[in-house]
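2 protein chains.
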Amino acid sequence: MFTGLSAFPLTPIPGNGSVDEKAFASLVGRLATAGVDSIGALGSTGSYAYLTLKERARVARIAVEHADGVPVIVGIGALRTRQVLQTAEDAQNAGAAGVLLAPVSYQPLTDDDVFGLFEEVTANLSVPLVIYDNPGTTHFTFTDELYTRLAWLPQVASIKIPALPDDPAQARARVEHLRRLLPETVTVGISGDAAAARGLHAGCDAWYSVIGGTFPQPALALTRAAQAGRHEQALEESQRLQPLWDLFAQHGGSLRVVAAAAAHLGLTAHRNLPLPLRGLDAKERAHLATVIEQLQLTT
Amino acid sequence: MFTGLSAFPLTPIPGNGSVDEKAFASLVGRLATAGVDSIGALGSTGSYAYLTLKERARVARIAVEHADGVPVIVGIGALRTRQVLQTAEDAQNAGAAGVLLAPVSYQPLTDDDVFGLFEEVTANLSVPLVIYDNPGTTHFTFTDELYTRLAWLPQVASIKIPALPDDPAQARARVEHLRRLLPETVTVGISGDAAAARGLHAGCDAWYSVIGGTFPQPALALTRAAQAGRHEQALEESQRLQPLWDLFAQHGGSLRVVAAAAAHLGLTAHRNLPLPLRGLDAKERAHLATVIEQLQLTT
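Top to bottom, those sequences are chains A and B.
Be aware that the first sequence starts at 40, since it is given in my numbering, and climbs by one per residue.
Be aware that the second sequence starts at 40, since it is given in my numbering, and climbs by one per residue.
What the hints contain is simulated information worked out from the structure, not anything from laboratory work.
Everything numeric in this text was worked out from a predicted model, so none of it was measured.
Every residue, glycine too, gets a C-beta built ideally from N, C-alpha and C.
It is possible that some hints are incorrect.
[What the hints assert, rightly or not] SDA-like mimics (lysine to any residue), calculated; alpha carbons at most 25 Å apart, straight line:
{"id": "1", "chain 1": "B", "residue 1": "Lys93", "chain 2": "B", "residue 2": "Gly74"}
{"id": "2", "chain 1": "A", "residue 1": "Lys322", "chain 2": "B", "residue 2": "Arg310"}
{"id": "3", "chain 1": "B", "residue 1": "Lys322", "chain 2": "B", "residue 2": "Asn55"}
{"id": "4", "chain 1": "A", "residue 1": "Lys93", "chain 2": "B", "residue 2": "Lys93"}
[Said to hold, decoys possible] If the Cβ cut is set under 10 Å, some of the chain B residues that face chain A in the computed set are:
{"id": "5", "residue": "Tyr87"}
{"id": "6", "residue": "Ala88"}
{"id": "7", "residue": "Thr91"}
{"id": "8", "residue": "Glu128"}
{"id": "9", "residue": "Pro142"}
{"id": "10", "residue": "Gln146"}
{"id": "11", "residue": "Asp152"}
{"id": "12", "residue": "Glu159"}
{"id": "13", "residue": "Thr176"}
{"id": "14", "residue": "Leu286"}
{"id": "15", "residue": "His290"}
For reference, chain A alone in the conformation it holds in the complex:
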């Protein structure tokens, strides 16, 4: 399950309102139809941190109901361990095939805090878990030593790593180094979409993908090429999408851009982010629309 393309849909949340469940169900159904390998509900792109535990339980249920049998991985991160435990139980009750856990922080966390969190959560879990390393949102930096301690805990099945070095040889060396540290059963998945082709070329088993959640076709094209060993083709597809990666960098991450893109495609209402997050302004949206047309991402 933790290989190939894992597509992370938005959870559309209009400003100060509640989840647009209908639009979310459609987004999930669309990914199942496209044939992604798994669906990552309530990831960072799915704004899990902004929802109540009740809202998250409902969203997890909707995801599983509309995934048409495609495995759903549900984000269970929260500031308190007891919230994570509750969310894990809710996700399992909803039928999640796996869970994704980031060490969300307010007070900076120590390695022992994070190990204790994962130890307690995995001891209470009956589905596999993805370790979610996203320093841009959690502000926690994993060391290789901590990866190694965590990877042997029960249920740990994959690590979602942040972007790799630009240089292909260095990227490959990094993935090979991780492989030596980790049990054979634990897969390594790349995140940071701009690094996806490079990551798959370097030996990553999975792409935990933001654009896959809104533009599954190009993400699948890139992934299938890489899986078939056609890495040049995968890298070319990534290069073709460079204007998108540039927009991600320009807007401090991918969320605001894919949210505006989903609205542009008519998949969600225009207001689809939880305040205080503001979407792109009119000029930025117009520019994004041009990029989407030029890249032929409209179908």
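The hints should help you fit chain B onto chain A, whose structure is shown.
Structure of chain B alone, referenced to chain A:
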């Protein structure tokens, strides 16, 4: 209200359990008896980010009930604007004299996000507000331009700034620069306890104090000396407390240290932090106990 010593008590939270309301009430009462100028309930030291909105509403009520007329400033930060609005209403209903708002983030926030948040919240507020600038927990960095935009919003009464430059002349220049930017009605309060004496010497009106919430006596001694213009004495008191500041730096902030100190003084149970945050280990607690004895902080 936003001058002098604002003391921030812990909210004791045992691991995966609920707030120890009795211990919290005692902590607040102790501050009122000591004669602090205001009480900052549910600040970062009060672990606001780890509590549900219901728990926060209860804690705000308990704080006001046990503050014996000392003004209580309640932290209202949350990831979603709608949660902040609800928390602000709950704080006002509880009798808060003011509120404290930090731009808590998961996805990185833009200046426009933060301005929009403060604009919406202050438009719905009938008590004064402190802008809470704490990049160590929010990972948001205020610019002077944003300070200036925010300071003219209705209800804005104070800014809680992070530590100042070490050099006294530079610190003074910084505070004087802020003064020129801000309306006369907006006070400037220093946070980062190690910088308190320097901050008050540099012209800050208030000290938003972590140790004041657990050790009100030395915090009051320092503040009263500074308020009387006896800055040498205030700086000496701060130097005397250097072993505490060293422990704060060593433990990635003040929270774990004051939590262990409060337990050592018998003010809370030993387990008083929300998991995944772990307290100091036995050896660290023993060292802290020695420091507390040597500094005569036991009464």
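Hint-by-hint comparison with the structure:
Taking the CA atoms of Lys93(B) and Gly74(B), the gap is near 29 Å; set against the 25 Å cutoff, the hint is violated. Distance restraint check for Lys322(A) and Arg310(B): the Cα-Cα separation of roughly 52 Å exceeds the 25 Å cut-off, and the hinted pair is therefore not satisfied. With a C-alpha separation of about 23 Å, the suggested pair Lys322(B) and Asn55(B) falls inside the 25 Å cut-off, and the hint holds. At most 25 Å may separate the alpha-carbon atoms for a hinted pair to count; Lys93(A) and Lys93(B) meet this at roughly 14 Å.
Annotation: interface hint on Tyr87(B) holds; nearest CB of chain A at approximately 9 Å, less than 10 Å. Taking 10 Å as the C-beta contact cut-off toward chain A, the hint placing Ala88(B) at the interface holds, the least distance being around 4 Å. Interface hint at Thr91(B): satisfied, since its Cβ lies 9 Å from the closest Cβ of chain A, which is below the 10 Å cut-off. A cut of 10 Å between beta carbons decides the hint on Glu128(B): the least distance to chain A is about 13 Å, and the hint is violated.
Because the beta carbon of Pro142(B) sits about 7 Å from the nearest beta carbon in chain A, less than 10 Å, this interface hint is met. Against a cut-off of 10 Å between C-beta atoms, the interface hint on Gln146(B) holds, since the closest Cβ of chain A lies about 6 Å away. Given the 10 Å rule on beta carbons, the hint for Asp152(B) holds: about 4 Å separates it from the nearest Cβ of chain A. Here the hint on Glu159(B) is kept, as its CB sits about 8 Å from the closest CB of chain A, short of 10 Å.
Interface restraint check for Thr176(B): the shortest CB-CB distance to chain A comes to about 5 Å, inside 10 Å, so the restraint holds. The interface hint given for Leu286(B) is broken, as the beta carbon of that residue sits about 15 Å from the closest beta carbon of chain A, more than 10 Å. The interface hint given for His290(B) is met, as the beta carbon of that residue sits about 9 Å from the closest beta carbon of chain A, less than 10 Å.
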